[in-house]
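Protein chains in written order, with this note's numbering: chain E, 438 to 582; chain F, 438 to 582; chain S, 438 to 582; chain L, 438 to 582.
Each hint should be verified, as a subset may be incorrect.
As the list claims (entries may be wrong) - Okay, derived cross-link-like pairs now, PhoX-like style, lysine-lysine, Cα gap no bigger than 25 angstroms in a straight line:
#	chain 1	residue 1	chain 2	residue 2
1	F	514	S	497
2	E	521	S	521
3	F	514	S	525
4	S	521	E	525
5	F	514	L	497
6	F	497	E	497
7	E	530	L	514
8	E	497	L	514
9	F	514	S	539
10	E	539	L	514
11	F	497	L	514
12	F	521	L	497
Since the hints were derived computationally from the structure, they do not count as laboratory data.
Here is how the chains run, residue by residue.
Protein chains: 4
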Amino acid sequence: MNSHADSVGSDHIHQFLVRIYFEDTDVAGIVYHANYLKFMERGRAEWLRELGFDQSVLTKIYNIVFVVAALNVNFRKPAIIDEKLVVKTSIHKIGFASIELKQVLENERSEINCHGLVRLGCVNRTSLRVMRIPGEIKERIHYVD
Amino acid sequence: MNSHADSVGSDHIHQFLVRIYFEDTDVAGIVYHANYLKFMERGRAEWLRELGFDQSVLTKIYNIVFVVAALNVNFRKPAIIDEKLVVKTSIHKIGFASIELKQVLENERSEINCHGLVRLGCVNRTSLRVMRIPGEIKERIHYVD
Amino acid sequence: MNSHADSVGSDHIHQFLVRIYFEDTDVAGIVYHANYLKFMERGRAEWLRELGFDQSVLTKIYNIVFVVAALNVNFRKPAIIDEKLVVKTSIHKIGFASIELKQVLENERSEINCHGLVRLGCVNRTSLRVMRIPGEIKERIHYVD
Amino acid sequence: MNSHADSVGSDHIHQFLVRIYFEDTDVAGIVYHANYLKFMERGRAEWLRELGFDQSVLTKIYNIVFVVAALNVNFRKPAIIDEKLVVKTSIHKIGFASIELKQVLENERSEINCHGLVRLGCVNRTSLRVMRIPGEIKERIHYVD
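Next up, chain E with everything else stripped away, as it sits in the complex (with noise of 0.2 angstroms):
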């Protein structure tokens, strides 16, 4: 799209909506703080789709699978039941192995729930050893910057 393939500061940045419902919260009256991260999660899994690597396209085909190598999560204002959150995913930096991802939860007043960096590792799915990321999904990758 660009000459520029290995930037990866691009402002496109992916949005996916949750909403709150009882299984995300507990009795402290808000979402419970592990949770964000399967927010975060179908964020990313509803980018990668969009990109045209769902799950199965990831085994069938790469035979790879991405596993959470690293969080850095800071949560700011709790979320609470009935709200709707924007999952905004962008890509922060593409290694060899890996991708970090940053990652910010907003509720519809635009206010930031949770923002943080995660590293996903390209692993081997039989083996979970560690692999390269194959390059049509670089290319992918880069091709939406």
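Take the given structure of chain E and dock chains F, S and L to it, following the hints.
The following block gives chains F, S and L in isolation, referenced to the frame of chain E:
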């Protein structure tokens, strides 16, 4: 190991303790209903483990997995955070390819939180097709009666 | 809407789509059984929301919450990651303080993943004591029939 | 109870065991990443309980709740079903209204599954506004050092 191996009207009740944490609760201040089913499964897993059948044995030796085929559960008294519940598991019925278990969850004052019947199907680990319960498992289950 | 407001043998079926993500699956490669119950609750929440009763309304205006009192669910065909299921919710019975719903989960090939009856009890939000279902809610439920 | 009460560079490490069940795993055959955070919280809850501060004490006596304010976690070796992990919790830093804990999860071969820092904020149970950590809690935390 008695002469009435087919009789499962045993008095044997397996007991397993679970503690309620934040993750288990919801905004209503009580345990989220679907989470009791997780406690029930922990009880079943520990019951099978004590009989010698943890998941690695079921997978590697028998290539089977027990899947939940039916649930019939009544919820009586909500459990809350910090509570310790006992999961009581006993055999209700054993068939060719299924086991029906009776499970009761009680708090420390012996109040019933919920109780019900869970039918497990024995299926091939790979194909998920129905399989006969291996003889050794059936015998071991009867033996503890 | 009709003269038989008490009849709940309505053909009205609420439909809601859910997508299967990593969080929903287990090591057997399929959706973890208790997670179907989460999908069912999302379906119920959206059904109530469309009738005008989201949780904030139920809490602030009526001070009630619907809790699951009984479940009777049969699991038929395991769902897998990436699948899109439709949660079909219809009224089976309405009582003084409880609603019984029929819920069916189907995949995109109209195969039934699981189906069952869920009885909800209407309880006081604070005391969790049984309460009469507010007339407006009952009427609205009948109205859609 | 030494003269260096402010020093939190303690060697005291709280240990708590968790078992991996079906509910914790995903289709990749390993523990779903967000579920390690649940194990970490169980470890923190048991650490606080042993110090005399279970949730009912925090709620009724102090009207506070500790919420997760930030997470920085590295995932190293995936855990699998049936495994028993130890959750090691120790104090990294105590501030006016927050506690930073170091947490490490290890399997029975002392391999690290994941490790990281979790910052907890002390907030008012009702308003969720930041509050000073009660003196008794701070003292008790130092006492165990």
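Structure-based check of each hint:
| no. | hint | result |
| --- | --- | --- |
| 1 | F:514 / S:497 | holds (24 angstroms) |
| 2 | E:521 / S:521 | holds (20 angstroms) |
| 3 | F:514 / S:525 | violated (28 angstroms) |
| 4 | S:521 / E:525 | holds (22 angstroms) |
| 5 | F:514 / L:497 | holds (22 angstroms) |
| 6 | F:497 / E:497 | holds (24 angstroms) |
| 7 | E:530 / L:514 | holds (23 angstroms) |
| 8 | E:497 / L:514 | holds (24 angstroms) |
| 9 | F:514 / S:539 | holds (23 angstroms) |
| 10 | E:539 / L:514 | holds (23 angstroms) |
| 11 | F:497 / L:514 | holds (21 angstroms) |
| 12 | F:521 / L:497 | holds (19 angstroms) |
The structure is inconsistent with hint 3 alone, although it conforms to all the rest.
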